[in-house]
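Engineer: Read off the chains here:
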Amino acid sequence: MGVFVLRRLWRTLLVLIGISVVVFAFVRALPGDPATAILGERANPESVARLTKQLGLDKPWFLNLAEPGRLFDAQYPKYLGKVLSGDLDKGQKSQIPVADELKSRFPATLELSLAAMFFALIVGLPAGIVAALRRNSVWDSLATTISLVGVSMPVFWLGLLLSYYFAVVLGWFPPSSRLSVGVDLQPLTGMDVLDGLLRGRPDVSWDALRHLVLPAITLGSIPMAITARITRSSLLEVLGQDYVRTAKAKGLAPRLVTLKHAMRNAMLPVVTVVGLQAGLLLGGAVLTETIFSWPGLGSWLYDAISGRDYPVIQGGVIFAALVVSVVNLAVDLSYALLDPRIQYR
Amino acid sequence: MTAVAVPSPPRRQQSVFAKRFRRSTPGRIGAVMVIIFVIAAVLAPLLRPYDASRDINLRLRLSPPSVTGIWDADVKAKYTDPVSGKFNAFSHIFGTDNAGRDVAVRVWHGARVSLIIGIVATAIALVIGSVLGLLAGYFGGLLDSTLGYVTDVMLAFPSILIAIGIASVSNLPGLYTVMLAVSIPQVPLYLRLARSVVLSIREREFVQAAGALGAGPGRMLFRHVLPNSLSPLIVQGALSIATATIEAAALGFLGLGVPPPNPEWGTMLSDSREYYTSAAWTMIYPGLAILFTVLGFNLLGDGLRDVLDPRSTQ
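Just so you know, the protein sequences line up as chains A and B, in that order. Numbers in my numbering are just positions in the first sequence, counted from 1, shifted up by 1. Numbers in my numbering are just positions in the second sequence, counted from 1, shifted up by 18.
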């Protein structure tokens, strides 16, 4: 087990280095010059050159091959050194340190993702279970249809539909942002619903919760559909196994057989698939956050890419990839806890 | 006599597939939806040639679907021709957008753009991915571990971020950029799929027999291994067109899609964000078109899986 964990960690580290190289090269391949972007099109060439030098962008990308004595006097090694010491540069437009902005943006995306996963599980699990237990019934067809439509639904369209119907027509929920205008909250964890409770302001939590509902359903629609689907097929497979028949044959209550014997084994693939949604959620967050003006990682990265903000793209994407890799690692390791039959080598 | 009817084995095999496919409800529904979509896309330029520069009618800006004029007097007044005084309830059945363009025609022609992107993007991903996967699985070693590493790195990014990245770097014309941006994130999927299939087929007796008879690596790969690993790739292909359709529309929605004169569903949705609160039809129909197409290809993929891989229970 120990060797397996070490090998998995080593692999994750290699992937992260690969990601940093790819992102670094990609950012420099973007058309347009960051110094000109900051100073504006009409800046004189001298000040552009000075700023380029000041930002260190005149140096070679990866290795300084022209001067073998100063091989590492290049942009990437410098950046890597800074990242390892926790410094992710400043956003070129905002001049706010990227690390600080990550601290305020990540909780927003985390809150949204957790709420989306909550929605996905609270709808998807029961739907999948009912569909499997009442196979070929109306409930089964209903659950299967919902999950099919859910998988095929474009996230951004669902977001527009929900915000049109529930925010514009019915007015039940606010159409965008995290808190109503004028509501003030000192961040603690950065997750507004939780912070409201921790600060003794349930009214703020309620306000934050109302803002959270529509984006969470939007972002959670695909994971919900996938959860329902995998739960159904996994439970059906387990219910067809001999030991379940034996348990039934020896006269155990059907409910007990389902809950205790079948469910525990059926949950294994479900955990895997739910865990692997982390990457999907981050991708969906780009679209969901754009629709609902949610100030999280997704909308920030999108703005950074369209605004050619090098440090933000670098820091943000590497951080996002780090989160996805860590979650995937956790999913891999959790098998051992859930299924004692699995042996790691 | 020369007329001897010999029942040929391939034909009999095909009929087994056809029979299985006909028994698969999702497959049948999906096939019908995909056929409708393809016919609509192919016939669009023939039945109703589209010229974006002439398709502007400022008198009818943001008008609701013309069918509502049957019971809504205001809408009827708007659609009544000022010269002839006639009212045609089917002139703009999905309403018009902010330039008075007919939403129905644009949705219809959007099918063409979507079909081209879906097929080309999937073909690129399928060819690159499965060739690399075949090579990685067949030869193993350094090539396999290098490709495995690249795959790991690519899969750690959300695919839409890769697509946005490619769309913002590429300087190809818009349509090609979208195809590339949508297909590259799918390459690792095919690579892994082809690799895993090859690993299992490589050890089968008939492949080893071919090797014993002196077949070279090229012949082994493309004559013996590839044809036998096609079915999972075909299933994935149908599902890929669905993904490509959504991703292309997502790029359009983020303003990185096919450039304006082409009617594209994602771009239509993105445009509608400014006025959908008062003109919901500009948002509903392009979205329905995306949902219909994606649902069709997903169902078709499920049906093909039922046919080509009877062991899978999903």
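Treat the hints loosely; a few may be bogus.
Among the chain B residues that face chain A by a calculated CB cut under 10 Å, a handful are [stated by the list, open to error]:
hint, residue
1, 75
2, 78
3, 79
4, 170
5, 173
6, 277
7, 278
8, 280
9, 284
10, 294
11, 296
12, 298
13, 301
14, 311
15, 313
16, 316
Listed next, with one range per pair, are the computed distances between beta-carbon atoms [to be verified]:
hint, chain 1, residue 1, chain 2, residue 2, range
17, A, 64, B, 190, 21 to 31 Å
18, A, 252, B, 146, 52 to 62 Å
19, B, 227, A, 257, 48 to 58 Å
Per the computed footprint, the stretches of chain B lying under chain A, defined by three or more beta-carbons under 8 Å from a beta-carbon of chain A, are [as the list claims (entries may be wrong)]:
hint, segment
20, 120–129
21, 182–189
If you are wondering where the hints come from, they were derived from the structure by calculation, not from laboratory data. C-beta: ideal position from N, C-alpha, C; glycine also.
Engineer: Each hint: holds or not?
Structural biologist: A quick look at each hint next to the structure:
1. Hint status for residue 75/B relative to chain A: violated, with the closest Cβ pair at about 25 Å, above 10 Å.
2. The closest approach between the C-beta of residue 78/B and any C-beta of chain A is roughly 22 Å, which is over the 10 Å cut-off, so the hint fails.
3. Hint status for residue 79/B: violated, given a least beta-carbon distance of 20 Å to chain A, over 10 Å.
4. At about 5 Å, the closest approach between the beta carbon of residue 170/B and any beta carbon in chain A falls short of 10 Å, and the interface hint on this residue holds.
5. Interface hint at residue 173/B: satisfied, since its Cβ lies 7 Å from the closest Cβ of chain A, which is below the 10 Å cut-off.
6. Checking residue 277/B against chain A by beta carbon gives a least distance of about 16 Å; that is not within 10 Å, so the hint is violated.
7. The closest approach between the C-beta of residue 278/B and any C-beta of chain A is roughly 17 Å, which is over the 10 Å cut-off, so the hint fails.
8. Among the interface hints, the one on residue 280/B is violated; its C-beta lies about 18 Å from the nearest C-beta in chain A, farther than the 10 Å criterion.
9. The criterion of a C-beta within 10 Å of any C-beta in chain A is met by residue 284/B, whose closest approach is roughly 8 Å, and the hint holds.
10. Given hint, residue 294/B at the interface with chain A, holds; its Cβ is 6 Å from that chain's nearest Cβ, closer than 10 Å.
11. For residue 296/B, the shortest C-beta to C-beta distance to chain A is roughly 9 Å, which falls under 10 Å, so the interface hint holds.
12. The criterion of a C-beta within 10 Å of any C-beta in chain A is met by residue 298/B, whose closest approach is roughly 6 Å, and the hint holds.
13. Checking residue 301/B against chain A by beta carbon gives a least distance of about 5 Å; that is within 10 Å, so the hint holds.
14. With a cut of 10 Å, the hint placing residue 311/B at the interface with chain A holds, because the nearest CB-to-CB distance is about 9 Å.
15. With 10 Å as the threshold, the beta carbon of residue 313/B comes within range of chain A, its nearest partner Cβ sitting at about 4 Å, so the hint holds.
16. Residue-level restraint check for residue 316/B holds (minimum Cβ-Cβ distance to chain A is 5 Å; threshold 10 Å).
17. A hinted range of 21 to 31 Å holds for the C-beta pair residue 64/A and residue 190/B, which are about 30 Å apart.
18. Under the hint 52 to 62 Å, the C-beta atoms of residue 252/A and residue 146/B, about 58 Å apart, fit the expected range.
19. Here the CB-CB span from residue 227/B to residue 257/A is close to 53 Å, well matched to the stated 48 to 58 Å.
20. Coverage of a stretch by a chain is defined here by at least three residues with a beta carbon nearer than 8 Å to that chain's beta carbons; for the segment 120–129 of chain B and chain A the count is 0, and the condition is violated.
21. Under a criterion of three residues with beta carbons nearer than 8 Å to beta carbons of chain A, the stated coverage of the segment 182–189 of chain B is upheld, 5 such residues being counted.
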